[in-house]
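**Student:** When you number the sequence shown by the UniProt record's numbering, it's gap-free, plus one each residue, and the end is 229.
FYI, nobody ran anything at the bench for these hints, they're computed from the structure. Nothing false has been slipped in among the hints.
Pair ranges (Cβ atoms, derived):
#1 P43 with N140: 50 to 56 Å
#2 L118 with I4: 31 to 37 Å
#3 Q187 with I81: 30 to 36 Å
#4 G98 with R49: 45 to 51 Å
Beta carbons are placed, not taken as given, at the ideal position from N, Cα and C, and that holds for glycine.
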Amino acid sequence: MKQILDNPVWHALNAHNSALGQVSGIVAYFRPGIAPFAAVEGPVPDGLRMLHEIVPFGNNVIFVRNENVEIPRPWQLLAAIPGYQMLYMGPDFPRTEGPVTIPLTTEHIPEMIALTSLTNPGPFATETIRFGHYEGIFDNARLVAMAGQRMHPYGFAEASAVCTHPDHLGKGYARHLLLRQVNRIQQAGEVPFLHVRADNARAIGVYETLGFRIRTDMYFYVLKKGSDQ
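With the sequences and hints as input, model every part of the structure.
**Tutor:** See below:
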């Protein structure tokens, strides 16, 4: 069952996130306004060549894989970001106390984009909120912390966009919001997981104290469509 998480984008787009992207043969990708992630099933070179033919020209994608791979032409590799996938292995329904959280809706999108642009928890676009379950903490009517969900393969759900404004670090907001997501996911009978950059030691340490453990390496390849010429 956990092998599903070896290729989370593929399995998410073939499960609960199917309405948010496109699956064609052995390739799958989210719509650009949702998220830049793409995946292939089976041999990477063949899948990436097919993906290059399907993705609209000019749209960069982030190819997600749990192994280090060679990127075939005509793709242009802009960046290869090593990371980890972490699986929740802590107590069931962990208790958490903190400030009032507010469900985030489309009216909050400008503030959500501003906060994620400042803190860089990962890609966040104008329609990313459609993944659902986003909550925020406000200070004087300003959004200062948030978290939600993203990839949703069968049996698992990814906690995502966990971030706090720099002026409000150290108050336990991220911990509170993340554990609320853990509870929500477990109440649905699923297992929480998340992704984190390998160089983000602070976040990794926080996640470990909350019960997450590194399951596998995960690589994020930022790709730009190139010319066949």
